[in-house]
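Residue strings, one per chain:
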Amino acid sequence: MFADNWKISLRQIRRLFIMDIFGMSSLMIPGILSSMSGADGIFCLLLGMAGGVVLLYLMGVNLKHIKTDYYSYMKETAGQLLGDIFMVFYFLYFVTLSGYVLYHLTTLVLTWLLPEGSWLVVSLLLLLLGMYGSIRGIEGRARVYEIVFWFLGIPLLVMLFFAMSDVNTAYFTPIAASSLPAFFRGSVAVLVFLLPLSALMFLKPFCRKPEKMLSCGRMAMAAVIFLNAVIYLILLGVFGKNTMGILNRPVITLMGMVNLPGEFFTRQDVLMTAVWFFALFALLNTGIFQGTLILKDLCQMPGNRLGLWITAVIIFAIGKGFFEHGFLTEVFEIYQVFVALPGMFLILLVLLFLHWARAGRKAQKGVSG
Amino acid sequence: MSIQISSDLQENIRNFEELFSDCEDIKKRKIKVGEHLDQDCYIAYIEVTLSSVDFKDSAVGKLLGKLRTLPEQDLTEYVKNNVMDISDSQPFGTLEDAAVGMLTGDVLFFLDGYNKALKIPDKGYPSRGVYETESEKVIRGSNEGFSESIKLNTALIRKRLRSPHVKVKESFAGRRTNTNVDLVYLKDLIHPEMLAEIEKRLGEFEIDGALDSGIIEQLTEKRKYSPFPQFQTTQRPDRAAMAILEGRIVLLSDNSPVALILPATYNTFIQTSDDYYSRWEIASFTRLLRYLASFLAMVFPGLYLAITNFHTQLLPTDLLLSLAAARQGVPFPAMVEVILMEIAFELLREAGVRLPGANGNTIGIVGGLIIGQAAVDANIVSPIVVIVVALTALCSFAVPNEEFATAFRILKFMFIFLCGTLGFFGFLTGLLVVLIHLSHLESFGIPYLAPFVGADLNGYQDERDTFLRLPLNYLKKRPVYTREGARTRLKLNQEKK
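Line order of the protein sequences matches chains A and B.
The opening position of the first sequence corresponds to residue 1 in the numbering used here, with each subsequent residue numbered one higher.
The opening position of the second sequence corresponds to residue 1001 in the numbering used here, with each subsequent residue numbered one higher.
If you are wondering where the hints come from, they were derived from the structure by calculation, not from laboratory data.
One should not assume that every hint holds.
[To be verified] Straight-line C-alpha distance at most 30 angstroms; calculated DSS-like pairs for lysine-lysine: (1) A:Lys-7 - B:Lys-1028; (2) A:Lys-7 - B:Lys-1123; (3) B:Lys-1116 - B:Lys-1137; (4) A:Lys-7 - B:Lys-1187; (5) A:Lys-7 - B:Lys-1477; (6) B:Lys-1116 - B:Lys-1151; (7) A:Lys-212 - B:Lys-1476; (8) A:Lys-7 - B:Lys-1066; (9) A:Lys-212 - B:Lys-1116; (10) B:Lys-1137 - B:Lys-1028; (11) B:Lys-1028 - B:Lys-1167; (12) A:Lys-296 - A:Lys-212; (13) B:Lys-1123 - A:Lys-296; (14) A:Lys-296 - B:Lys-1116; (15) A:Lys-209 - B:Lys-1477; (16) A:Lys-212 - A:Lys-7; (17) A:Lys-7 - B:Lys-1032; (18) B:Lys-1224 - A:Lys-209.
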């Protein structure tokens, strides 16, 4: 009737993507940037965002040509085989990302909330929750984050505000001291964390106003980069680049150090973990949802249930792999930088090129006919 | 197979008495009418539904009086032509329909030579009349409450909504109870699909007896395993009228003082009638309190367990020491302690509800003061747990709708278990489960969490009446339940100009 399930509003898309890309980026980026480029990390964020703008531009141009859904567009433009290869690429990206997120989320829980907990129990619980969240379509998922957005956002902003009092601006210098390769590596790292935005390509059939969908992606990216910049500056000012580089998740450490007026709660890190818990869960959920959807399209499954279970099992196996074998996280990071990132750009460029070529051929035929 | 009413009165009497044999409460009288008292008629009614004191002045009494003044040959023609003058009278062609008509509390009238049975209304079944509501108390506003009579209840709504657009659609539920079920709505405001949907759902079951609206509610709910009600209930005619003005549909069931309102959302359960009768500042403040109460009623004992068992670093040392001192000597783990107290409280509540008024109050005092104090003195529970349980109970009482509050009372035990075993992670997990469940839940196509979600469906206007109730002159549009094009609720005169 009114709640047209499988259709989401622009606000829901915006909030969903903010949650999706904020979690991992704010946890990881400060540590990566501080060790690579120190105070210049803030410029890495800006350059990374510029890369994100290019990615969104390519997505936008392609989105205009999508009539029904992304897979149909890929098949129509690049043929069945190439379309399937692209879908497999996206499937691999989303399930490996989800596995990585599951690993990080479980580690976050075990580090900050339940130190004596079992990895298996916690990760299985989270995975089952992720499946439950995905089972009834995208709208149910989007509603969760639409609701929790300000409940998490306001405490985070308040904490960041109070953390500013501990900032030592001397740590903001020296500027332009990092080497160019390190600076670019930092920017690429930032761009890698923006890649989940590519899920936008699959959302056209689910959006109430698809023509404005891309602006949601842009706003989500801008909001996340802004938040990350603020967090980075505060962390840099509080810890300095050397300490920040060795901290595991400096932003949560910071939350444990902020003194709120009144001093009722002595440490807020446990409470503030909720922000990253929900944000990482959002990304895990996105991975499960997208993986299921892609698998359903690729294998032409009649319903979602089987695809959901298969995706979940793969994600769990990947997460478990990361937990058991530390080197796999490094492999994943290499995959992200050297395969996933160029792959995303390449697919969009190839599709665009093929589309233009097809359009050109059609136009020529029209003229000659 | 249905039995047609015949022109032969003897045959009708035979059939009727066979149908209602061994029914001593049904009075059947054969009466002579006509100016020479030469023609027979037959009336039947349930003993208490016909006024015996003022029989002459009753509709059926007057009809019989008139029939005694007319020539015998004119009686049938007179009845045929004039009986519709009696309000709500109705002719039936079959004996079964006539019987159902009589069982609604009216008098049945047969005349020799007339092949119809007439249903003539009289005082009907006994009912309580209009009483003050026992739940949903308000500080400001009407105190009238629904009663068990559906006719009275529809009239109480009509009294408030004097518009020809208010429609009352009648149907029946219960194979053996034939309970009247009325759908009351404003025709120009509702989404027709919503009406079609509830009518479809009402037609999807056949049950022996629908003795209360609660039975209809459960049989027409879509998500049967959800602890959250998908119909709003009310005993207040003004609340029902208010809902109808928002384009919602009110379902009334005979013999039930509880009306069902559809669709229902989290927000509508938190709203009360006097939110709109009081000034916006106090209405908003109490609204916020109720939202907080609904949340704490579910999570407070769980949060207490999570913080004291797993994350003591959150609390200042002084508080921590006093908590530890309070627990000294208590032999049970904190989780068992909380569960014991919660179960004790639920028992007290159940006992208080079942006992008659004065005794119920006594149970509250005995339970709250004496047992609580004794349990603390005996070191069975710590004082802090008594405070936690009492505060949780207060929070659940602050939720205006009993059925809605019950959902939080049940979920509270899930949170106690999750937080007691997994700490703050359990709390977050529980919160996610509830949030995901609520975000999947819909009531007649409306998201349960509307307008916090999907507010774009009505241009984000509905958000003005959620945590805060903005001044009335800002609430110009009706909520999303109303059909598009009919959402203007308020026009200010200066705007008109």
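Now the hints, each set against the structure:
no., hint, result
1, A:Lys-7 - B:Lys-1028, "violated (63 angstroms)"
2, A:Lys-7 - B:Lys-1123, "violated (54 angstroms)"
3, B:Lys-1116 - B:Lys-1137, "violated (48 angstroms)"
4, A:Lys-7 - B:Lys-1187, "holds (28 angstroms)"
5, A:Lys-7 - B:Lys-1477, "holds (24 angstroms)"
6, B:Lys-1116 - B:Lys-1151, "holds (25 angstroms)"
7, A:Lys-212 - B:Lys-1476, "holds (28 angstroms)"
8, A:Lys-7 - B:Lys-1066, "violated (67 angstroms)"
9, A:Lys-212 - B:Lys-1116, "violated (67 angstroms)"
10, B:Lys-1137 - B:Lys-1028, "violated (45 angstroms)"
11, B:Lys-1028 - B:Lys-1167, "violated (36 angstroms)"
12, A:Lys-296 - A:Lys-212, "holds (27 angstroms)"
13, B:Lys-1123 - A:Lys-296, "violated (65 angstroms)"
14, A:Lys-296 - B:Lys-1116, "violated (64 angstroms)"
15, A:Lys-209 - B:Lys-1477, "holds (23 angstroms)"
16, A:Lys-212 - A:Lys-7, "holds (14 angstroms)"
17, A:Lys-7 - B:Lys-1032, "violated (71 angstroms)"
18, B:Lys-1224 - A:Lys-209, "violated (33 angstroms)"
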